[in-house]
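Enquirer: If you read the protein sequences in the order shown, they are chains A and B. Mind the numbering: the first sequence is residues 1 to 291 in the working numbering, read in order. Mind the numbering: the second sequence is residues 1 to 216 in the working numbering, read in order.
None of these hints come from the bench; they were simulated from the model. Using N, Cα and C, we set each Cβ at its ideal position, and we do this for glycine too. Keep in mind that the hints are not guaranteed to be accurate.
As the list claims (entries may be wrong) - Here are the computed distance ranges between Cβ atoms for each label pair: (1) B/G202 / A/L268: 43 to 53 Å; (2) A/I30 / B/F72: 40 to 50 Å; (3) A/P169 / B/I79: 31 to 41 Å; (4) B/L131 / A/S184: 29 to 39 Å; (5) B/E76 / A/L166: 26 to 36 Å; (6) B/F72 / A/Y105: 45 to 55 Å; (7) A/A42 / B/A201: 19 to 29 Å; (8) A/D138 / B/A201: 31 to 41 Å.
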Amino acid sequence: MTTSVLYESPGPRAKRRALFTSIAVSAVLIGVAVWAVLRLAAAGQFTVDKWGPLIDPTNATFGPVWNLLAQGLVNTLQAAALSIALSLVIGTALALTRITSAAWYRWAVVGVVELLRGVPVVMTIFFAARVLPDYGLDLPLLWYLVIGLTAYNSVIIAEIVRAGVLSLPKGQSEAAYAIGMRRSQVLLTVLLPQAFRAMLPALISQLVVVLKDTSLGYVISYPEFVQQGKYVIQNLDNPIQVYFVIALVFIAINHSLSRLAVFTERRLGRGRRTTTTPAKKQEPVGAATGN
Amino acid sequence: MRVITDNLPLYLNGLATTLRICLYSGLLALVLGTIMAAFRVSPLAPLRAVGTSWVNVFRNCPLLVVLFFMAFGLPELGINGSYFVFGTLGLALYTSAFVCEAIRSGINAVPPGQAEAARAIGLGFGQSLSLIVLPQAVRSVIPPLGSVLIAMIKNSAIAGAFGIGGDLFSVGENLTSAQGEAALPVLTGVVLGYLIITIPAGLLLGILERKVAVAR
């Protein structure tokens, strides 16, 4: 661990004091945990009835329950994969038009970006599911969810890609023009590949956001992970246990993705120093928001 | 668009409820997030562990699941409340993880010399954090913190979807599902309601950012 500049490396007295405080803090934490466990136990939350179907493979309902949940997880991953693929394509197109086009068109794109960024994702999903059928566009539920998620995330990805292109050293495009490339060639073969490389960590972080937001398929009754959990709960009456398992799965997947983003960032950072120096440090857009 | 003008009081009520949820959640999230950020940089290992797990759990778990946990878990622990309380609390817990990370990145951005100087004149951990480092950190994290709060305003719609009555999202749901109004005008009204909050908030953020930026 790196030593913080906020405090001195402790002497013997500070060490003793830190040890005592640590023990006291741990005691309080353990106390809270024990209290919670006791309350849960008193409420009958640790019975085989509640947990068996989820963790005991010999339990009669274990198979059906996990079939339901696994189907939900597959649906969730499917919606997330489709949304991120579509968002990448549309987002890149948006970013390119914003970089290259005439002013009035650029402003139209900026308008769309600002509009979609200001609307809650759950609202775009709800909007797609309620409004599109009124206009004769009857799609499977999956597509309403994908359209809603894409509406928001393509805009975020557009900003990420744009920031990536703008962060490249000017010499890259100048050199490409100098050897006689056209503007489209410069963008597609020189700038975009580098921009994607630079923005890979931010893009992976955005995957976490998409994966979490697929749970909003719940609102339109798309049979994703949380929705399937609801069916299990309706039959077995074990909300705490099911939501605990669902939360655990989400945290495991998303935490791995976050680690992957950090890992990628570090690797790219190392490669970067030896090849080119970035023109200026670019904050990854969207990676730090609370979505 | 008649449906919007006819139901204007309903919409305004929804807007007010959404703002109320956001005010309470925002304040609580700022306080909790700052405490967790202090935990994460503290010299005590157990506190750091609490901060780290807090952030990892709430940042990686969908808000909907957090809300369900509040609504179904807390009553089992003998804590009862309305959906408004559970929703606001859940939103605050979820947002606090992002607030914590924003503030922590700000703390890391403060030049080490500042903290070293604070220690050199004899300030302890608490004093150097609260008097020297945090004030500078908070000013430099106004932009990400603002994005977090705007995201929270948008996330309040999820709290509405989960069952808080009378907020902006549930106004739309009520008018389309229960009263059978055409979806497009009703939901356009709801979208406008959110834009009325989020776009000025974004502009305000830009102004504030320029005002308090730390010159380095």
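Enquirer: Confirm or reject the claim that B/E76 and A/L166 have a C-beta distance inside 26 to 36 Å.
Expert: Hint violated: Cβ distance 51 Å, outside 26 to 36 Å.
Enquirer: Taking 43 to 53 Å as the hint, is the beta-carbon distance of B/G202 and A/L268 inside that range?
Expert: 30 Å, violated
Enquirer: Using the Cβ atoms, figure out if B/F72 sits within 45 to 55 Å of A/Y105.
Expert: Cβ of B/F72 to Cβ of A/Y105: about 50 Å, so the range 45 to 55 Å holds.
Enquirer: Go ahead and decide if the range 31 to 41 Å is satisfied by the Cβ distance of A/D138 to B/A201.
Expert: 36 Å, holds
Enquirer: With respect to the beta-carbon atoms only, verify the hint that A/A42 and B/A201 lie 19 to 29 Å apart.
Expert: 45 Å, violated
Enquirer: Tell me if the beta carbons of A/P169 and B/I79 are separated by a distance inside 31 to 41 Å.
Expert: About 56 Å separates the Cβ atoms of A/P169 and B/I79, which means 31 to 41 Å is violated.
Enquirer: Taking the CB of B/L131 and the CB of A/S184, does the distance hold inside 29 to 39 Å?
Expert: 55 Å, violated
Enquirer: Can you tell me whether the CB distance of A/I30 to B/F72 sits inside 40 to 50 Å?
Expert: For A/I30 and B/F72 the Cβ distance comes to about 25 Å; the hint is violated.
Hint check: violations occur at hints 1, 2, 3, 4, 5, 7; the rest are consistent with the structure.
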